[in-house]
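Model the full structure from these sequences, guided by the hints.
For the record, the sequence lines run as chains A and B. Everything in the first sequence is counted per my numbering, starting at 615 for the first residue and increasing by one. Everything in the second sequence is counted per my numbering, starting at 984 for the first residue and increasing by one.
There's no promise every hint is true.
[What the hints assert, rightly or not] Restraint ranges, calculated between C-beta atoms of paired labels, are given here: (1) E1003/B - P733/A: 18 to 24 angstroms; (2) G1366/B - K855/A: 50 to 56 angstroms; (3) G761/A - K1362/B: 24 to 30 angstroms; (4) E670/A - S1049/B: 48 to 54 angstroms.
Simulated from the structure, these hints should not be mistaken for lab results. Beta carbons are placed, not taken as given, at the ideal position from N, Cα and C, and that holds for glycine.
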Amino acid sequence: MPLLEINGLRANVGDKEILKGLDLAVGAGEIHAVMGPNGSGKSTLAQVLAGNPAYEVTGGTVTYDGRDLLEMQPEERAQQGIFLAFQYPVEIPGVSNAYFLRAAYNEIRKAHGEDEVDPLEFADIMDEKLALVDMDPSMLNRSVNTGFSGGEKKRNEILQMAVLQPKLGILDETDSGLDIDALRIVADGVNTLKRPDNATIVVTHYQRLLNYIVPDFVHVLANGRILKSGGKDLALELEEKGYDWVTSGHVSMGAGA
Amino acid sequence: MSTSVVVGSPVESYVAPFDELVGDASAPAWVQSMRRAAFDRFTALGFPTTKNEDWHFTSVAPIADSEFVLLAAKTGDIKRDELAAFSFATGQTAAWYTMVFVNGRFAPELSDCAKLPNGVKLWDLASAWTKAPDVVDRIGKITSYDLNAFTALNTAFMHDGAVVQIAKETEVDRPIHLLFITDANAAKGVMHPRNLIVLGRHAKATVIESYVSTSEAVYFTNAVTEVSVAEGATLRHYKMQREAARSFHVGTIEASQAKDSHYVSFSLATGAALSRTNVYTTLGGEGAGATLNGLYMLGDDQHCDHQTQIVHAQPNCFSRELYKGVLDGRSHGVFNGKVYVHPIAQKTDGKQTNNTLLLSDTAQIDTKPQLEIFADDVKCTHGATVGQIDRTALFYLESRGISRPLARRLLTYAFAADVLETLEVDEIRQSLETATLERFV
Ligand SMILES: Nc1ncnc2c1ncn2[C@@H]1O[C@H](COP(=O)(O)OP(=O)(O)OP(=O)(O)O)[C@@H](O)[C@H]1O
Ligand SMILES: [Mg+2]
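If you want it as structure tokens, here you go:
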């Protein structure tokens, strides 16, 4: 059974239907890339998987690790290994990055019946993770994402992912706005975290990222559905031909892996 | 001699205790006559109603309609180890100079003010008017009871409290803590603490004024603190109102500031069923500055009213004001910030901000900035916001595995963080940061 299985997922924002019967299956150990035109519903899919209550699920099923994902609260999803790197990370003035990360780390440990770590132990864990994303330790004392540059916010998302070690990482355009060094760091982060029992969904507009993070599958999301799926070469083909080639003329091919 | 008032009026229950108090001739004659004049004024004014503009959003009927017993004698059974919970001590710092008042009366056996550095003097009020007549001479001259019934009532019954004098050029090495504590013996009682803080030229001190309780008793604290800050002096004055949940608290602080002085006030209010805190200051010399900050955190049916008043009476003075409120349950917060700029007070630089975070749909805030500016070359701004927990931020935290209650607490804390950061006493800032995180569980 795949780690994540989405069948006929429909979701609204307000009165507007964004996801219109989306199917996708992601197996453990796999990396999936989701591409598609602006406004096609990629972030909506990511937010729905993370449990954002601003999006209303109106149909379909999502099974994660054998459980009904749609029944789970956002924090429970995170505790069970789902991590969303936001396309637009949220600024939280007044809460330090260090406090936030440790709170998240401990909440997840608690959920698994493990002991909480104290600030000193946590500092040791952070040293290693900061090095992984090449982030200055002073960022820990600043308020979460507050005043961070676009690239710093994205790096901070990867830092969180490195600390929380998800089973299913969903990266929503984490590569947008990154310089080439940062892109490599993000990719290294994903590749370092790759294990046979976890999986990653990478939402991106650029084939460039996929040179660093090599996907097992590439999907085209358009008009609220997965219209085409293929191997890593599909990204190259899209780069060359654009989305029109998929969205006009071609019949929906349904689910991927 | 007896005072006559309308039978059945709310002030009636204060008459007999007052006659008894002025019948005792232990206080000097000037105190006795000030008490009499103040009581007359109190009976003439009566308790304010919501028709009074200054009390528009706050009904004091629960106070006016109660018959409180004057806590004149020493009562209370507080042990030293019970003070730890209110002392802010962390064990790493030297003990603060502390004056403890139990149910309104000075408790020397619980206080730590025997050994004081040069230039620092502390008295209880009753001793001060014989031992330091030239200091207490200022009482009643900084604040006026003419339009404030509660200050008139306090003046009529003034009997105990703290008198703090810091000599010129003296920088006090640790905070001075005035700890007003009540226990179960205060039930149905009223006390009228009267304090005076006097800083000489270029003196520097931190005074904490705490109102706390070890009991759940219903009582009424009616406090007045007068403050005099001489030229070039700096006073940090933190008021911590953490009274018992069903109690009543009315407190007025009024400061008078000379040239180049700085008065830094912080008002915390988390306790009492009904509370009103007034913080008033007059910038009476060029180059003076006032920083008035505050944080109120309320729940259930609590009602908490703050009125501040900054009088810019001279040119080139600044004032900074940041009040924040966190309101849960059916609580009601009120903030009224008055700023007067006199015609000669050119180059006044004033800024006032009041932000409220509503944690429930039934909590309520009334915020009323009141700027009266009679000079033309001034910079005065004010702003008020009322908001709720940011849903996007809440989801962001939850998406990291943080449970909703903790996420809400973190965001509540984050809301209050900037005003807490202004607290310059580490022990207090840390203690309030923790209290903020734990207040709304
Ligand atoms: N809060 C909202 N209110 C109204 N419409 C919304 C809201 N959020 C998203 N939408 C709409 O839903 C559609 C899908 O948005 P979504 O963010 O999922 O697109 P996307 O595929 O991630 O696009 P991009 O590539 O630009 O990031 C868009 O048309 C967008 O305008
Ligand atoms: Mg998007």
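Tested hints:
1. E1003/B - P733/A: 18 to 24 angstroms: violated, 58 angstroms
2. G1366/B - K855/A: 50 to 56 angstroms: Holds - the Cβ-Cβ distance for G1366/B and K855/A, about 54 angstroms, lies within 50 to 56 angstroms.
3. G761/A - K1362/B: 24 to 30 angstroms: For K1362/B against G761/A, whose Cβ atoms are near 26 angstroms apart, the range 24 to 30 angstroms holds.
4. E670/A - S1049/B: 48 to 54 angstroms: The hinted range 48 to 54 angstroms holds for E670/A and S1049/B, with Cβ atoms some 52 angstroms apart.
Against the hints set out earlier in the document, a violation occurs for number 1 only.
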